[in-house]
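Colleague: First to last, the protein sequences are chains R and X. Letter by letter, the first sequence follows residues 1 to 224 of our numbering. Letter by letter, the second sequence follows residues 225 to 993 of our numbering.
Do not rely on the hints blindly, as some may be mistaken.
What the hints assert, rightly or not - Which stretches of chain R does chain X cover? Using the computed rule of at least three CB atoms under 8 Å from a CB of chain X, they are:
#, segment
1, 59-66
2, 84-96
3, 117-129
Stated by the list, open to error - Label-pair ranges, simulated between beta-carbon atoms:
#, chain 1, residue 1, chain 2, residue 2, range
4, X, Ala942, R, Val168, 51 to 61 Å
5, X, Tyr842, R, Ser107, 43 to 53 Å
6, R, Tyr56, X, Lys265, 35 to 45 Å
7, X, Asp707, R, Asp114, 48 to 58 Å
8, X, Asp392, R, Ser36, 47 to 57 Å
Unchecked claim - To be clear about the criterion: a stretch of chain X counts as covered by chain R if any three or more of its residues have a C-beta under 8 Å from a C-beta of chain R, and this derived list gives those stretches:
#, segment
9, 251-263
10, 443-456
11, 883-896
By construction, these hints were calculated from the structure, which means they are not laboratory data. All C-beta atoms, glycine included, are put in the ideal place defined by N, C-alpha and C.
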Amino acid sequence: MARVGVITFPGSLDDRDAQRAVRIAGGEPVALWHASTSLEGVDAVVLPGGFSYGDYLRAGAIARFAPLMEELIPAAKAGLPVLGICNGFQVLAEAHLLPGALMPNASGHFVCRDQRLRIENAETAWTSEFGAGQEIVVPLKNMDGRFTASAETIAELEAEGRVIARYVDVNPNGSINDIAGVTNEAGNVVGLMPHPEHAVESLTGPTTDGLGFFTSIVKGLINA
Amino acid sequence: MSEVSELNPELSPEPNGVASGPRTDGVARARATPDHPQPYKELGMNDEEYGRVRDILGRRPTASELAIYSVMWSEHCSYKSSKIYLRQFGEKAPKTDALLVGMGENAGVVDVGQGWAVTFKVESHNHPSFVEPYQGAATGVGGIVRDIISMGARPVAVMDSLRLGAADAPDTRRVLPGVVSGIGGYGNSLGLPNVGGETVFDPCYQDNPLVNALCIGVLRHEDIHRASASGTGNKVILYGAYTGPDGIGGASVLASATFDEESQAKRPSVQVGDPFMEKLLIECSLDLFKAGLVEGIQDLGAAGVSCATTELAAGGSGGMAVRLDAVPLRDPNLLPEEILMSESQERMMAVVTPENVEAFMAVCAKYEVPATVIGEVTDTGRLVMTWHDEVIVDIPPRTAAHDGPVYERPVAVPADQAALQADTPARLPRPSNRDELRKTVLWLAGSPNLAAKDWVTSQYDRYVLGNTVLAQPENAGVIRLDDESGLGVALSLDGNGRYTRLDPYAGAQLALSEAYRNVAATGAQPLAVTNCLNFGSPEDPGVMWQFARATEGLADACLMLGIPVTGGNVSFYNQTGDVPINPTPVIGVLGVHADVRRRTAMAFAAEGHKLVLLGTTYDEFGGSEWAHVLYGHLGGTPPQVNLPAEAALGSVLVTSAQEGLLSGAHDISDGGLSQALVEASLRGGLGVRVALQGDPFVELFSESVARAVVAVRPEAEARFVDICAQAGVPISTIGVVGGDSYTVDGAFTIPLHELREAHTRTIPALMDQ
């Protein structure tokens with residue numbers, strides 16, 4: 001069974017939700033503590049949402065220096081599948097595993113809504129269960145979700161198909177080009193602002209569309 | 225720096241902070257200087273109370289002892305004006321096995337079955353939220369969350385009940401956005417879903433907004449913890465944030481005095497919150513409980529160290545010795561009496577056996593939570609505190625924590641009460657044709673109190689923890705407790721200041737009825753009650769009459785409905801000058817779902833399902849939303865209370881949910897049947913077509929109690945009729961779900977897009993200006 005680690009930083013909030021999503025997708029969730037120095041041999045890692053270190057200094061800026069990140073960064077560069085959700089995306093950007101930065105929402109408010117997305121790249125480790133162009137609805141909730149990057153970087157991301165998901169209907173935070181998520185060149189590291197782990201059960205989510213991110217990794221690892 | 229520095233005018237801090245030595249106002253000095261003048265009046269104590277402290281101690285209190293008694297005997301901490309009325313919640317409590325811990329602890333604990341228990345409580349943070357809306361509201365959330373942790377429970381959701389001045393008043397645009405950001409900023413950072421509440425506007429709250437925050441926590445039966453310090457030699461550990469000058473005097477001065485122009489100058493008295501530390505405190509505390517390292521626990525809220533030490537010592541078997549100079553400080557210049565009164569947030573106090581101290585410290589270190597041994601449990605029966613080895617406090621702890629003054633304040637019917645009730649809405653012109661009826665629907669749907677509150681709730685995380693089954697704008701918040709069995713709870717928080725102003729006895733019962741109905745509408749069996757009683761000054765006999773009547777009404781109704789009060793909070797002095805707010809008891813009802821997968825949602829989303837109105841509609845418009853919105857009128861009497869009908873309606877809704885008979889259900893309250901149809905229809909994205917018998921105005925807008933409108937699954941119609949007949953609930957089939965408009969035959973048709981526009985644009989238009 002695919003073992004998927006979920007790192008808990010001080011201030012992580014959606015760690016249990018990410019573990020549940022892995023379980024529902026058929027994987028084995030493994031709780032990882034930020035101060036540990038071992039990834040415990042997991043097959044993939046999720047950095048969950050939340051406000052690690054209270055978002056003090058900058059969202060993700062302190063978590064990026066956690067001891068376990070010292071292990072994760074080289075592993076990710078070597079191909080370990082990593083998904084950063086919301087605050088996890090912010091941590092990955094701060095760690096330069098992904099390009100760009102997440103700035104405060106254009107509205108100045110925290111926003112929580114059921115958000116329509118279009119999957120733009122269904123080739124990554126975390127999106128292979130979707131079809132390119134497929135539209136899904138998952139919760140979005142963030143304070144600092146406005147993706148931004150230099151014009152060159154944006155052009156590069158767009159040209160290489162590294163924008164993996166885009167906001168549809170409403171751009172909730174002012175992200176450039178409606179970007180909701182991006183991937184690295186290898187396609188193993190994905191950052192996503194919305195929260196697929198909150199859309200894995202019809203009882204508690206607006207849809208079960210989010211499950212695809214987790215089944216992608218679980219099935220991909222089994223098939224690999 | 226603060227009011228408290230005046231405690232001892234002769235005493236100024238040394239350059240490097242330590243005010244010790246011969247000039248410290250210790251017990252020895254207090255004995256030696258019996259006539260030393262003390263600023264007890266500035267601290268909110270009267271001559272009699274001060275005299276009583278002197279009698280208890282047999283001498284004048286030290287500055288630190290005066291600080292302790294003044295905060296512990298403040299209205300906020302001692303309930304001295306309300307106590308004689310609150311007793312009836314216990315005396316009239318219905319017989320129930322559901323209560324594992326009753327009133328008096330940090331929060332009541334309710335048995336919800338399968339070995340699970342739930343604790344829930346609502347508290348006000350009204351005055352701080354007016355002075356500094358963001359921090360006032362944020363720390364209101366923080367305080368109630370710590371109450372829940374200190375029962376041994378994991379907090380799993382929050383709710384908030386907000387009341388503000390007129391929606392278009394300039395100050396409302398300062399207070400509401402600040403309060404919402406504060407609740408969101410704190411609650412979102414803790415990872416607690418916000419699952420419901422209210423946002424109500426009325427000019428009476430103009431300079432006195434109400435911010436009532438509720439938290440619900442879950443625990444196993446065997447995990448209940450209490451505030452008591454037992455076991456001589458056990459250590460007293462203060463853990464969490466360092467102590468600073470935040471909110472000094474907050475408890476006694478801010479919450480126990482009427483607002484005036486000076487309020488703005490009290491900004492430093494409002495506490496500042498750090499939700500990140502609180503999140504660490506939650507996880508750290510739960511780990512400490514799980515490891516069995518805690519003998520007694522108390523959160524630090526109003527009155528800080530004073531409250532925690534006296535409560536723990538009074539709740540235990542013996543006494544306590546505390547080295548106050550061991551308290552870690554953020555500001556080294558704090559005087560001992562300031563440390564005692566500081567309301568710095570994110571702090572807890574635990575009693576730990578000596579052999580467990582090391583393990584306790586290790587858990588705190590894991591979470592990087594500072595923890596310090598500041599004293600130990602003794603067998604002296606006294607709370608003794610030292611400051612650099614000098615005794616500065618030596619008191620019997622019960623005298624501060626439990627045996628404060630109790631007042632039976634004068635009570636008198638307000639002078640205008642009879643005239644108010646005589647001024648009925650009968651004189652108000654009603655819509656006289658189809659077009660006016662149509663306009664009335666839209667006016668009400670878009671009026672600030674009934675309009676969609678997405679502007680507020682979209683700033684709150686309702687998804688975190690992954691157990692939110694229903695959240696605002698649903699009838700009630702529903703949370704799953706157990707993934708396997710589906711066990712869960714429903715909670716609703718309701719109040720109506722206008723009803724209560726017209727008739728306080730009925731008003732409190734109507735708030736309870738509405739919360740009960742909301743919980744039942746989801747299919748949950750109502751189980752227990754909490755309350756936050758927001759009133760004006762207890763020194764005003766008219767206000768005290770309102771309080772007496774409202775508490776009596778609530779206690780009587782809880783007895784009749786068979787659901788006990790588990791705890792609550794009283795907030796007095798909600799007034800500006802001589803003008804009190806409308807008396808506003810906010811009532812929370814908790815219900816249990818054996819399986820949340822059986823819940824009923826409010827949306828009408830199934831084409832062709834029949835709409836059935838449950839209950840009886842009377843011509844009742846006193847205190848109604850219609851009279852308020854169209855005429856700014858408040859007069860007459862509120863809708864007639866009918867608790868047996870409420871219970872019968874509840875039983876129908878619960879049984880129907882369990883049997884899966886309904887595709888949607890919505891309670892009928894503010895704005896009447898019309899507003900219920902608007903909300904359920906927009907929620908489901910499908911229209912409704914109804915035909916009404918009788919006067920369409922009364923049918924659509926009356927606020928008669930014990931009613932709901934439901935959409936019945938076609939195959940379940942016969943069974944549903946049977947259940948209603950057995951319960952004695954009158955029903956009438958009024959229409960059908962479907963189409964893309966809200967249509968009342970022979971009266972009007974409103975396309976859903978027009979309705980949605982009217983319902984959703986109001987609050988953003990007011991707040992985003």
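Colleague: If you check each hint against the structure, which ones fail?
Modeller: 1, 2, 3, 4, 7, 9, 10 and 11
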